[in-house]
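Asker: Listed below are the residues making up each chain.
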Amino acid sequence: MLQCHIKGVQNGYPLKVEAEKVETREMDFEPDFLRHIFPRINWPALREAAAAMGVSDLPESASEELLEDDDFLKKFHHALLEVHLEEGSLVCPETGRKFPVSGGIPNLLLQEDEC
Amino acid sequence: MKLKELESLMQEIAPFEEPKIELEQYPTGPHLASRLLYTVANSYDEFDGQTVIDLGCGTAMLAIGAAMLGAQHVVGVDVDEDALRVAQANVEEYEDYLPIDFVRCDVRQLAGQERLKADTVVMNPPFGTRRKGADMEFLRAAFQLSRNSIYSLHKSSTRDYIQRLATKELRAQSAEVLAQLRYDLPATYKFHKQKSKDIEVDLWRFEVPPQTDS
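Taken in order, these protein sequences are the chains called H and Z.
Our numbering applies: residue 163 is where the first sequence begins, and numbers increase by one.
Our numbering applies: residue 656 is where the second sequence begins, and numbers increase by one.
Extracted from the complex, chain H is given alone in its bound form (with noise of 0.2 Å):
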């Protein structure tokens, strides 16, 4: 849901994933939550930055028909929620300006001459 926001750029989104560290953690399963979220998620974002952290059983698209697919939100939760990224960087599709992740922590931070 992060974006490239140096001034100027018009097509910052979405950042591309590079991981050199990932972690998987275990949270309970909430449908009704990933209900709530699905229709702000860009999927082909979710799906590519999920495939960049090793996991790349999620469907080339998604509609809210499958939201009543249990083994659909059970991949959509283990993508969204359980897979983190704690080391590599997130990279803007246009410059290629790279946001660093450091101990599972994005640094948006932006040069003076930036913004």
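Please keep in mind that the hints were generated in silico from the structure rather than gathered at the bench.
Where a beta carbon is used, it is the ideal one built from N, C-alpha and C, also for glycine.
Any given hint could be a false lead.
[Said to hold, decoys possible] Only part of the chain Z face toward chain H is listed, based on derived beta-carbon distances under 7 Å: (1) Gly-704; (2) Gln-727; (3) Leu-739; (4) Tyr-749; (5) Tyr-752; (6) Val-758; (7) Arg-759; (8) Cys-760; (9) Asp-761; (10) Gln-764.
[Said to hold, decoys possible] The calculated BS3-like cross-link candidates involving lysine-lysine, where the alpha carbons are at most 25 Å apart (straight line), are: (11) Z:Lys-772 to H:Lys-260; (12) H:Lys-178 to Z:Lys-772; (13) Z:Lys-823 to Z:Lys-810; (14) Z:Lys-787 to Z:Lys-675; (15) Z:Lys-810 to Z:Lys-787; (16) Z:Lys-787 to Z:Lys-823; (17) H:Lys-237 to Z:Lys-772; (18) H:Lys-178 to H:Lys-237; (19) H:Lys-236 to Z:Lys-772; (20) H:Lys-183 to H:Lys-260; (21) Z:Lys-810 to Z:Lys-675; (22) H:Lys-236 to H:Lys-178.
Based on the hints, put chain Z in the right spot on chain H.
Answerer: Below, chain Z without anything else, positioned relative to chain H:
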């Protein structure tokens, strides 16, 4: 959870290691934090199953409280790396995994993050005594980040100004002072002569204007 339990839980959260005066890093006391959190959860039910942003999260007291009170996902935003490190360690103290992520960002640079959104925004912003207008920058950013409501603490002396800013400039659907509280400010910095000082603060609730979904 009872208010007392919440307050004692808040007491266990580690404070800033070396608070930075330029960022007005005063701790949100357990008293204030627990009342803010309790109001959101009990009077408005705006944590359970919701997404939450803690803006200027510092050591993550509000973020942790929101997660414990049922928020499905919390994002803590802060500009200060050291504070975020303490925040992360505070989250890891809990046996149960808390769904909290942190992002390092300057509140003034959030305008370009139009996809970063949460149902509820909670914050204890700087009062703007060191950098004038810092409290207003936080409020503006909160209106951009929230899809529904914002809970925030502001000095009571700025009440009229906040009311005008929220309703006129930011077009809040509602702007209401829910309670006046005492901010027992411990003597955090060397220049504080008194041991501690009570400041009157307002607990505000704002509802953001209806928005078109993107």
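Asker: If a hint holds in the structure, say so; if it does not, say that too.
Answerer: How the hints compare with the structure:
no. : hint                   : in the structure
1   : Gly-704                : 6 Å, holds
2   : Gln-727                : 5 Å, holds
3   : Leu-739                : 6 Å, holds
4   : Tyr-749                : 12 Å, violated
5   : Tyr-752                : 5 Å, holds
6   : Val-758                : 5 Å, holds
7   : Arg-759                : 4 Å, holds
8   : Cys-760                : 4 Å, holds
9   : Asp-761                : 6 Å, holds
10  : Gln-764                : 5 Å, holds
11  : Z:Lys-772 to H:Lys-260 : 22 Å, holds
12  : H:Lys-178 to Z:Lys-772 : 19 Å, holds
13  : Z:Lys-823 to Z:Lys-810 : 19 Å, holds
14  : Z:Lys-787 to Z:Lys-675 : 16 Å, holds
15  : Z:Lys-810 to Z:Lys-787 : 13 Å, holds
16  : Z:Lys-787 to Z:Lys-823 : 20 Å, holds
17  : H:Lys-237 to Z:Lys-772 : 23 Å, holds
18  : H:Lys-178 to H:Lys-237 : 20 Å, holds
19  : H:Lys-236 to Z:Lys-772 : 23 Å, holds
20  : H:Lys-183 to H:Lys-260 : 16 Å, holds
21  : Z:Lys-810 to Z:Lys-675 : 20 Å, holds
22  : H:Lys-236 to H:Lys-178 : 24 Å, holds
Of the numbered hints given earlier, the model fails hint 4 alone.
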